[in-house]
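Which chain is which? The protein sequence lines are H and A, in order.
Sequential numbering of the first sequence, starting at 1, is according to our numbering.
Sequential numbering of the second sequence, starting at 1, is according to our numbering.
What the hints contain is simulated information worked out from the structure, not anything from laboratory work.
Backbone N, C-alpha and C fix where the C-beta goes; we use that ideal spot for every residue, glycine too.
One should not assume that every hint holds.
What the hints assert, rightly or not - Short, incomplete list of chain A residues facing chain H, as computed with Cβ under 8 Å:
(1) 73
(2) 102
(3) 110
(4) 118
(5) 120
(6) 185
Said to hold, decoys possible - When the alpha-carbon atoms are kept at most 27 Å apart in a straight line, the in silico DSS-like pairs for lysine-lysine are as follows:
(7) H:252 with A:96
(8) A:143 with H:252
(9) H:233 with A:96
(10) A:143 with H:233
(11) A:180 with A:96
(12) A:96 with A:143
(13) A:180 with H:252
(14) H:295 with H:168
Claimed, not checked - Simulated coverage check for chain A against chain H, where a stretch passes if three residues somewhere in it have a Cβ under 8 Å from a Cβ of chain H:
(15) 129–140
(16) 197–203
The chain contents come next:
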Amino acid sequence: MNIRFYILRRIALLIPTLIGLSILTFSIARIVPGDPVGLAAGPQATEEIKAALRRELGLDQPLPIQYINYMTGLFRGDWGESLYTRRSVIGDLRTFWPATLELTTAAVIIATVLGVPAGVISAMYRNRLPDHVARVLSLFFVSFPSFWLAMIFQTWFGLDLGWFPISKRLPVLVAPPPATTGLFLVDSLIQLDFETFLVSFRHLFIPALVLSFGAFASITRITRASMVEALEKDFVRMERAIGIPYRVIIFKYVLRNALIATITVISLNFGWLMAGAILIETIFDWPGLGLYAVKASLSLDFQPIMGIAILYGIVFSIVNILTDVVYGILDPRIRYG
Amino acid sequence: MACAMFWIPARGVSGDMTDLLNIENLHLEFDTYDGVVKVLAGVDLQMRRGDVLGLVGETGCGKSMTALSVPRLIPMPPGRITAGRVSFKGEDILSKSESEMEAFRARHVGMIFQDPVTNLNPLFTIREQLVDAVLYQRAQGQKVPGRWRGFLPSVRQIRQEAHERAVELMRLTGIPDGDKRIFDYPHQFSGGMRQRVLIAMALAGDPDLLIADEPTTALDVTIQAQILRLIRSLVAQLGLTVLLITHNLGVVARSCERVAVMYSGRVIEESPVRELFNNPKHPYTRGLIAAVPQKDISRGGLEGIPGMIPNLINPPAGCRFHPRCGAVMDICRAAVPPTVAVGSEHTASCFLYPEDP
Numbered sequence: 001m002n003i004r005f006y007i008l009r010r011i012a013l014l015i016p017t018l019i020g021l022s023i024l025t026f027s028i029a030r031i032v033p034g035d036p037v038g039l040a041a042g043p044q045a046t047e048e049i050k051a052a053l054r055r056e057l058g059l060d061q062p063l064p065i066q067y068i069n070y071m072t073g074l075f076r077g078d079w080g081e082s083l084y085t086r087r088s089v090i091g092d093l094r095t096f097w098p099a100t101l102e103l104t105t106a107a108v109i110i111a112t113v114l115g116v117p118a119g120v121i122s123a124m125y126r127n128r129l130p131d132h133v134a135r136v137l138s139l140f141f142v143s144f145p146s147f148w149l150a151m152i153f154q155t156w157f158g159l160d161l162g163w164f165p166i167s168k169r170l171p172v173l174v175a176p177p178p179a180t181t182g183l184f185l186v187d188s189l190i191q192l193d194f195e196t197f198l199v200s201f202r203h204l205f206i207p208a209l210v211l212s213f214g215a216f217a218s219i220t221r222i223t224r225a226s227m228v229e230a231l232e233k234d235f236v237r238m239e240r241a242i243g244i245p246y247r248v249i250i251f252k253y254v255l256r257n258a259l260i261a262t263i264t265v266i267s268l269n270f271g272w273l274m275a276g277a278i279l280i281e282t283i284f285d286w287p288g289l290g291l292y293a294v295k296a297s298l299s300l301d302f303q304p305i306m307g308i309a310i311l312y313g314i315v316f317s318i319v320n321i322l323t324d325v326v327y328g329i330l331d332p333r334i335r336y337g
Numbered sequence: 001m002a003c004a005m006f007w008i009p010a011r012g013v014s015g016d017m018t019d020l021l022n023i024e025n026l027h028l029e030f031d032t033y034d035g036v037v038k039v040l041a042g043v044d045l046q047m048r049r050g051d052v053l054g055l056v057g058e059t060g061c062g063k064s065m066t067a068l069s070v071p072r073l074i075p076m077p078p079g080r081i082t083a084g085r086v087s088f089k090g091e092d093i094l095s096k097s098e099s100e101m102e103a104f105r106a107r108h109v110g111m112i113f114q115d116p117v118t119n120l121n122p123l124f125t126i127r128e129q130l131v132d133a134v135l136y137q138r139a140q141g142q143k144v145p146g147r148w149r150g151f152l153p154s155v156r157q158i159r160q161e162a163h164e165r166a167v168e169l170m171r172l173t174g175i176p177d178g179d180k181r182i183f184d185y186p187h188q189f190s191g192g193m194r195q196r197v198l199i200a201m202a203l204a205g206d207p208d209l210l211i212a213d214e215p216t217t218a219l220d221v222t223i224q225a226q227i228l229r230l231i232r233s234l235v236a237q238l239g240l241t242v243l244l245i246t247h248n249l250g251v252v253a254r255s256c257e258r259v260a261v262m263y264s265g266r267v268i269e270e271s272p273v274r275e276l277f278n279n280p281k282h283p284y285t286r287g288l289i290a291a292v293p294q295k296d297i298s299r300g301g302l303e304g305i306p307g308m309i310p311n312l313i314n315p316p317a318g319c320r321f322h323p324r325c326g327a328v329m330d331i332c333r334a335a336v337p338p339t340v341a342v343g344s345e346h347t348a349s350c351f352l353y354p355e356d357p
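Start from the sequences and build out the full structure, keeping to the hints where you can.
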């Protein structure tokens, strides 16, 4: 099968996935115990006020109608508004989401760029010094809680050494670059504004690094394990026997076999990091989606909750499609199967 | 210059007089949790250029380990060579560094293995694997320009030549439509065709020696015959030297000129094929030939050799075959029999035959 057709088929599968996801989030937001209207209207509100609020929000209609209304709103770009702030959900997501996306993407990139080579080296020098160093390091990074490491790094690199700023995405006096994507690094590059790029890079570096540690550890370990497994394959011996240099065998023939498992872990980590970024965002005062999501959940503010769930669902699905596409590129048997 | 790396060295003509491969008294041990496994206990094997030598023996007798010691592919540790010499064209292989070995394998040795399904890399096209085989075997340990530098005309030309050579190799090994099928992946080929691809890869750099480790064991019977015929025709066309490892005496009878029989880490008899079948000397060889099913199997039933293959951690003292031997003498339990000539080009290592005067 042609790779283009394979990709199109994966994208087509996105539609049923998202419909299922929206039904699920919609139902969950409606079945959770608690009365969001009661919370929003306040303790003193009378039944009439609550009923009026309910009617205003469309909550008095049958559930299927509510769902259809919600879905048509979604497609028109109206994702509802918060019960408390009365701000539109889509606007809030536009404000907070790019920060989280930039942070997690940077963390995944750091974890991959460090973790894959560490795993390869570990496997090449199995049970020798480089392997032990890599394994102890990854064990170290998964064992320490990230919020603790975050504070340590903040103290060392931010306060003691003064190499990096300790909070926010940019200094107060620097204007963010015009928002094309909302990712400061990308936007500043688009504007060719290298000064802002450097400043926001320095702000991003430490939080992203700390966030990447757990992912680094799991990527290293899975890369090592699958490299070790692939090195035992018959074709490695055959390639050596006919005189292909070992380094070519490792980096060309074996690594590709090992990367399939690694790609899976990278994509899973991307999801975990998005959800787990809240701690890092809090510590570094990073204006991301984490805090917004927590506040919304605690106050049963169902429109933002659903918006966030749908957004994460879309992102997960896209990451999954990308993963599937990479599988298909790496392994022809998947593509043809 | 990139092109200058791809000179093909002239073949040494003087090498024809001496042995191409000379394995002397090779001892190999493996460390395991249960103890030290004495896999090879003094293997002697000589091959001249143009030889087609069959190496036969039961499972676990050390025939594959003997073969793997030539390109030095035995994992060490846990493997350990405790004594002996392996020389190829007079060069000592065991003292070479690993990078010298890479060049050596590229230059001198081609090897094919038992299972053509697992021995091809499933994620790369035949073209990618075969072109690399051609490039690296020609470069012999020197640098090969990667595919990403294909925009350079010189690199493109080298790769184009390698591609043409790869298609030529596919034609040589009897793969139809090689110019189209070279773009396919291994899973699109049948087992027999994959084994042909592997033979093509092994032959990419015109090796002096082709080692075939049970090349037909994993194949259907009809395909087995095709692959053996292919190897025979390659021997005739290219003057290949082949070390064919098998446990199947029928394969040896059809394909080889000489045969060496191994038992428990030693070569115990060696002779021309016809001589071995007509006039086996070692009691083990006699048992082995008697155990081959005959046409009149319904009348006589199957013969076997009594006993089991010996434990290699605590092997029997003296001749390792003595516990199973019908002609055992006292001396067999005490000493390892020397290898003696028992006919023209026929040697055996057994106390039944007196040592040369």
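Hint by hint, here is what the structure shows:
1. At about 6 Å, the closest approach between the beta carbon of residue 73 (chain A) and any beta carbon in chain H falls short of 8 Å, and the interface hint on this residue holds.
2. Annotation: residue 102 (chain A) was flagged as interfacial toward chain H, and the flag holds, the nearest CB pair being 5 Å apart, inside 8 Å.
3. Hint on residue 110 (chain A) holds. Least Cβ distance to chain H is approximately 6 Å, under the 8 Å limit.
4. Because the beta carbon of residue 118 (chain A) sits about 4 Å from the nearest beta carbon in chain H, less than 8 Å, this interface hint is met.
5. Given the 8 Å rule on beta carbons, the hint for residue 120 (chain A) holds: about 6 Å separates it from the nearest Cβ of chain H.
6. Here the hint on residue 185 (chain A) is kept, as its CB sits about 5 Å from the closest CB of chain H, short of 8 Å.
7. Proximity of residue 252 (chain H) to residue 96 (chain A) is assessed by CA-CA distance (about 25 Å); at most 27 Å being required, the pair is judged to hold.
8. For a cut-off of 27 Å, the pair hint linking residue 143 (chain A) to residue 252 (chain H) stands: about 15 Å separates their Cα positions.
9. Proximity of residue 233 (chain H) to residue 96 (chain A) is assessed by CA-CA distance (about 25 Å); at most 27 Å being required, the pair is judged to hold.
10. For a cut-off of 27 Å, the pair hint linking residue 143 (chain A) to residue 233 (chain H) stands: about 25 Å separates their Cα positions.
11. Restraint check for residue 180 (chain A) and residue 96 (chain A): the C-alpha separation of about 40 Å exceeds 27 Å, so the hint is violated.
12. For the proposed pair residue 96 (chain A) and residue 143 (chain A), the alpha carbon gap of about 19 Å is at most 27 Å, so the pair holds.
13. Simply put, residue 180 (chain A) and residue 252 (chain H) have alpha-carbon atoms about 24 Å apart, close enough for the 27 Å limit, and the pair holds.
14. Of the pairs offered as hints, the one joining residue 295 (chain H) and residue 168 (chain H) holds, with about 19 Å between alpha carbons and a cut-off of 27 Å not exceeded.
15. Using a Cβ-Cβ cut-off of 8 Å, 5 residues of the segment 129–140 of chain A lie near chain H, which meets the minimum of three, so the contact claim holds.
16. Counting residues of the segment 197–203 of chain A whose beta carbon lies closer than 8 Å to any beta carbon of chain H gives 3, which reaches the threshold of three, so the coverage claim holds.
The structure does not agree with numbered hint 11 stated previously, though it agrees with all others.
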